[in-house]
Amino acid sequence: MADAQDYEKLETSNAQTIAQFAEDERGFVGRLQHRLHLTPSLVPLIVLVLAIIVFGILLGSKFFSPFALTLILQQVAIVGIVGAAQSLVILTAGIDLSVGAIMVLSSVVMGQFTFRYGLPVEVAVACGLLCGSLCGFINGWLVAVMKLPPFIVTLGMWQIILATNFLYSANETIRSQDIATEAPLLQFFGTTLTIGADEAGRGGANFTYGVIFLVALVLALTYVLRETAWGRHVYAVGDDPEAAELSGVRVKRTLISVYMLSGLICAFAGWALIGRIGSVSPTSGQLANIESITAVVIGGISLFGGRGSVLGMLFGALIVGVFTLGLRLLGADAQWTYLLIGLLIIAAVAVDQWIRRVSN
Amino acid sequence: MADAQDYEKLETSNAQTIAQFAEDERGFVGRLQHRLHLTPSLVPLIVLVLAIIVFGILLGSKFFSPFALTLILQQVAIVGIVGAAQSLVILTAGIDLSVGAIMVLSSVVMGQFTFRYGLPVEVAVACGLLCGSLCGFINGWLVAVMKLPPFIVTLGMWQIILATNFLYSANETIRSQDIATEAPLLQFFGTTLTIGADEAGRGGANFTYGVIFLVALVLALTYVLRETAWGRHVYAVGDDPEAAELSGVRVKRTLISVYMLSGLICAFAGWALIGRIGSVSPTSGQLANIESITAVVIGGISLFGGRGSVLGMLFGALIVGVFTLGLRLLGADAQWTYLLIGLLIIAAVAVDQWIRRVSN
Amino acid sequence: ASHSVSTCLITKTDTNPFFVKMREGAAAKAEELGVELKTFAGKIDGDHETQVAAIETCIADGAKGILITASDSSSIVSSVQQARDAGLLVIALDTPLTPIDAADATFATDNFLAGELIGKWAAASLGADAASAKIGLLNLGVSQPTVGVLRNQGFLQGFGIELGNPNKWGDETDPRIVGNDVTAGTEEGGRKAMENLLAKDSEINMVYTINEPSAAGAYEALKSIGRENDVLIVSVDGGCPGVQNVADGVIGATSQQYPLLMASKGIEAIAAWAKDGTKPTFSEGKNFFDTGVALVTDKPAEGIESISVKEGMDKCWG
Amino acid sequence: MEPILKGRNLVKRYGKVTALDSCDFDLMPGEILAVIGDNGAGKSTLIKTISGAVIPDAGSIYIEGKEVKFTSPIQARAHGIETVYQTLAMSPALSIADNMFMGREIKKEGFMGTIFRQLDRKKMETLAREKLTELGLMTIQNINQAVETLSGGQRQGVAVARAAAFGSKVIILDEPTAALGVKESRKVLELIQDVKARGIPIILISHNMPHVFEVADRIHIHRLGKRLCVIDPKDYTMSDAVAFMTGAKEPPSEAIAA
Amino acid sequence: MEPILKGRNLVKRYGKVTALDSCDFDLMPGEILAVIGDNGAGKSTLIKTISGAVIPDAGSIYIEGKEVKFTSPIQARAHGIETVYQTLAMSPALSIADNMFMGREIKKEGFMGTIFRQLDRKKMETLAREKLTELGLMTIQNINQAVETLSGGQRQGVAVARAAAFGSKVIILDEPTAALGVKESRKVLELIQDVKARGIPIILISHNMPHVFEVADRIHIHRLGKRLCVIDPKDYTMSDAVAFMTGAKEPPSEAIAA
Ligand SMILES: Nc1ncnc2c1ncn2[C@@H]1O[C@H](COP(=O)(O)OP(=O)(O)OP(=O)(O)O)[C@@H](O)[C@H]1O
Ligand SMILES: Nc1ncnc2c1ncn2[C@@H]1O[C@H](COP(=O)(O)OP(=O)(O)OP(=O)(O)O)[C@@H](O)[C@H]1O
Ligand SMILES: [Mg+2]
Ligand SMILES: [Mg+2]
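Protein chains in written order, with our numbering: chain A, 1 to 360; chain B, 361 to 720; chain C, 721 to 1038; chain D, 1039 to 1296; chain E, 1297 to 1554.
Treat the hints with care, as some may be off.
[Unchecked claim] Partner residues aside, some chain D positions facing chain B, computed with beta carbon under 8 Å:
1) 1091
2) 1110
3) 1115
4) 1117
5) 1123
6) 1127
7) 1128
8) 1130
9) 1136
10) 1141
11) 1157
12) 1232
13) 1233
By construction, these hints were calculated from the structure, which means they are not laboratory data. Ideal Cβ placement from N, Cα and C applies to all residues, glycine included.
Using the sequences and the accompanying hints, generate a full structural model.
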């Protein structure tokens, strides 16, 4: 019965002449396309740079000044931090509708623990961060262990956390002045570094600690996602959880850790929020969900999981920030700005898709 | 070279003794499980019936009366109609965040065309329906032809349509009294059929035409999705668009038709909305998105497309309606109600998942 | 105690402290009079359908009366009619219905007057500078809810700016107006809107805000660039943190409203109606019961009646 | 004789990879043409350009001498070209019957069909069962079973049955027996002969040399994105074919000209 | 001799279908055991219960005589059981190297590895390339290519290379050569022999009878969810095996007892 396989045997004696297609030589455009394809976050970056250039030309120094540009950074800081949390979850093919609620509840916990119970502010902050992680853990447990769809889990948790927030805080605001005198640590992320202001202290580049935290967070997450085993597992789980499980990833543990980390980041966002608005207000953050998801999607992260980078999300958030401020400065009124941002969301993604298509 | 295949040849002469596994005999539970597995919409139906029974026991005739039960139907009519549109889109693995905006814009068009331009009300209604379909077409075109992600397309369109709505309507409400005297057709879906009221016209079962339309729509869509080629194509596209394309489905055409139909249904929802609230109000419908998605997901339709039924969505909407009314009648305050509804959303889906798991 | 009389309170939202206090006022009064109270609210400002559903629920529940702050003052009318037809007493709180007689009674503040008071005060405080003021207007939302429009237009009228369409903000042509932006009535929105306007013109020196949280947010934006002392902020509401902010110099002046009063009066009226069928009466010369509005500031301007911050603190809510 | 299907200078690049590199291709009427080649040689890409699933970057395709430009598989199907893709192209959540009739559903007769456009499920199910029985795929218990619950081999059987049932001009099979059992593979080979007997030409991609040499009239050897040569299985041994395919031997010059 | 891996009375139902019906199973140390059977006979289900990917409804599994209960494939891997699934189980968007080292990544040495937990990409890439070269999968140009851009056969090659590189006690291969070319299949068979020479037993599921008869020490014939019999390839012909498998012939009683 062996003779039929002789035709196969013959082959193996053949020397290992390695078959190799000729590399296709291309010009600059080709190499650029290839680069874009390999680094998807380049695409939103290009859109961002183009947007800044266009608004810079249209508006001149009013827009293209250190003051206005760093203002955008400040305005997107909260959305960016929450967007980082959202990115992690979306990379696992989930979605987190409760990010805004977790953020607000955490900030309320920090505030109330300090002012209502008189705890040292450091302890209160730690409790707030713990609270965020706990909310994240519940999300993660329901998604990973109970195998419920993330959308519905976080939709439910959104309502639960928000209602808890209102019930617990009794809708009471803690005023900025009180915080500044009694617990300035809560406003830590609001501290501003100003570079190059005029004598009166106006203009110049303003970096709040919140902005610096955002940038550091995005860089750290980029490193973790690219360079550690945990990061690869996050991508694998988002890509195909069944295949990941079969090839040795602890899918449940990875999912729970992602949701917990997301909750923790949201709690940091809550802290940064106190820095930004000065006060602790239980009604903030209602739009954080939709804004963070917008940033993530414009940033090129696939809602089906496994593809995209946190850096892209940051550019996505900045694109929205640039358009919002740019359009307002151009004199568009609030409703028109709203409409144009809608158009530009679609246009930004269309450009992105177009570039990707060309490079394929 | 043929001899190696002799072992194969031998086989084919063998008579067609058909290999068949023994059918596994099971008891009642087994058959029920199997039934649940085959008809996924049974699961939300069971949750619904249980919820009605529990609230009926807790609240007695206040809840378990024709009046209260039909009231729930009226309260979910709009969400249900929008949910039907949402279901279609979600079955294709998309999502439509613009449903609420399309609904409101269509109702504003119907109202303004009648009152601002003095068009005959039939023409104005037709224009409203056309407007909805057109919005749907734009969504569909961007998704199918431009290949943009549905989430981002409808997010952008949501903002665009809503801003258009505010700009066009100048935020003006058309009053119920004016509509009733000048263009009663706009309130058509508000017409109520009362069965079994007392002499004073109170109590009894109240069915508005809107409710009847909802039921008819759901039945019609169920038929179309199950029994026509188009319906099978919708499922195939949602399941795996590439495979559908390769096996001969006109994916683009199917997608565009789905979004257009969804837009048209939203326009009908806009018409029904006028019937429900009496007036034409440009600020209505802000929550239609999230509520319709909630209904769809509780109804067991997969957000990843291709699985679930419109009937399930209807039960999903009713579950939310029953809980909302039941909890309010039990005297829970609004925040507690939200909190409990959040819990119940998660619980309903957990039960659903549990039943599915057992039946596997 | 078993409550024979049941009432409903339906507010626009139950997260805004204004409505929270209204609910507390109602609850306290209801407790005192032995009336059962159920509260309802829209999920967001402008959430009209939930209010309609709430009215239906109240009817199904057999309530004697409804207190409502309508999200959409004219759209709610048919539902209100339905409730009245079912024998319920309906009282509009804070926001009058259109037409105003669609409700059995209205207990409200005059929001236009509230705006006008701070407008006049601001013009007087700026004195000669008013003619060259640079004004930023921080409104509620793009859907232009009535309350927001009334306060905004009242402020402009009081300040001496010619109005365009009085039912709409944003169509004024006065060059002193730098721009409008929306805040959603929150600190976050207030800060962002203020930043946007500052980027447009950093010389803004007069800011109108829809409520005190957005004023606090605007102040943070100014503080971050060191201009908190050369900009005058005015606001409306009179919540305790807001009045405290007037004391601290964050806000120049605010128009104080009295939600607790509205709510407790409303509960009293329904209790009376349930007892013997008496309907509430109106304030003299008005077609509604005015629960009043007072300008709170420690820098009174000539010819404009105001109360001191201390007095404001005594009457404040939330 | 004019080829029924002809490809000239087909080029397809994926990023850096050139999957098709000026590839030619000929299918004669009524023949079984086998396409063999190493993994990644570009065989699947070649047949995808022919079936409209991939649009080539350059080159032209002719059906019975007339140039055609397919932009979707539906157009190729309208020309009677039916394909079983290596990835099978089925909707996992739908039933076997639904999948077999996807895109060419049968409507009920009478007004239920014309007005209400109702599908004739019974007829489709009967036909589907018939086709599967022909292939001997009888371990499938339920024609309404979702495709995702089938074993890998069962899925492949369904895909082959679909192509055989509907192909009218050309049938393309990309590794149709890869996951099939001995018995089932046999059935597919028989089916290929049946189809050929009906006068319909077949393109068969396979790594199974005995199968290829058993049924093929001509063998197209693909290497590095190109047609290396075309040989007659009667003139060469399997060892020769494998040697050409892997580059161990130079192909004869007359085969290159063929 | 004690079997290294033993299954007794394994049962697995999917809804109405009984995929495993009181199935027994034995793998002896150092042997190559082939599992053959019709499509849908339950072969994949059997090996999934052994590799922890599916939890059986009933029955027990023993490793070296000790009962084990796997609830996840990770546990089986921890016991040195490495599996190539029919569906391959790879993350399409990740690179070849990422996929090969999924779940057992190599960290950098020094504090970058211990504190910052940085992966040693270079080492992983070098190792991955080595393994692929051993299999002769050299048409893969770039070890950082996403798996989704590979041809079907290339993917299979990567999966086999992964199992061969890491299996220490048992290697299970579910149709490892189904999509492979002649040359590549050959390499896999050689690899199987190599692994056996290292003393590691192998379970091979295949529909390719010549391959099975070439490498197997014993052949487990699976039919209708059960082990029908176990035969020695030296005592029977391929025709016999196929006849048993399809029910055309009764298996000899001594084989059933085996
Ligand atoms: N969608 C794609 N994106 C990028 N590269 C691709 C894509 N499809 C195929 N390729 C590449 O093109 C080359 C040819 O692939 P093709 O699938 O045509 O090979 P094949 O001859 O069918 O191989 P096999 O016998 O393994 O199926 C391979 O190197 C593969 O990596
Ligand atoms: N997840 C599942 N859900 C339902 N039924 C399944 C599932 N997996 C397998 N089956 C059924 O179990 C039976 C055995 O399948 P299995 O995949 O084990 O067969 P196999 O012997 O590996 O076949 P092949 O040679 O085609 O791979 C089949 O009838 C199949 O339809
Ligand atoms: Mg191929
Ligand atoms: Mg198998």
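Against the structure, the hints:
1. 1091: Holds, because the Cβ-Cβ distance from residue 1091 of chain D to chain B comes to roughly 6 Å (cut-off 8 Å).
2. 1110: 7 Å, holds
3. 1115: 5 Å, holds
4. 1117: 13 Å, violated
5. 1123: Where the cut-off is 8 Å and the nearest Cβ of chain B is about 6 Å from residue 1123 of chain D, the hint holds.
6. 1127: 4 Å, holds
7. 1128: Holds, because the Cβ-Cβ distance from residue 1128 of chain D to chain B comes to roughly 6 Å (cut-off 8 Å).
8. 1130: Where the cut-off is 8 Å and the nearest Cβ of chain B is about 6 Å from residue 1130 of chain D, the hint holds.
9. 1136: Holds - the Cβ of residue 1136 of chain D comes within 8 Å of chain B, reaching about 5 Å at its closest.
10. 1141: Since the shortest Cβ distance to chain B is 3 Å, the answer is holds.
11. 1157: Holds - the Cβ of residue 1157 of chain D comes within 8 Å of chain B, reaching about 6 Å at its closest.
12. 1232: 13 Å, violated
13. 1233: 17 Å, violated
Checked against the numbered hints listed earlier, the structure breaks hints 4, 12 and 13; every other hint is satisfied.
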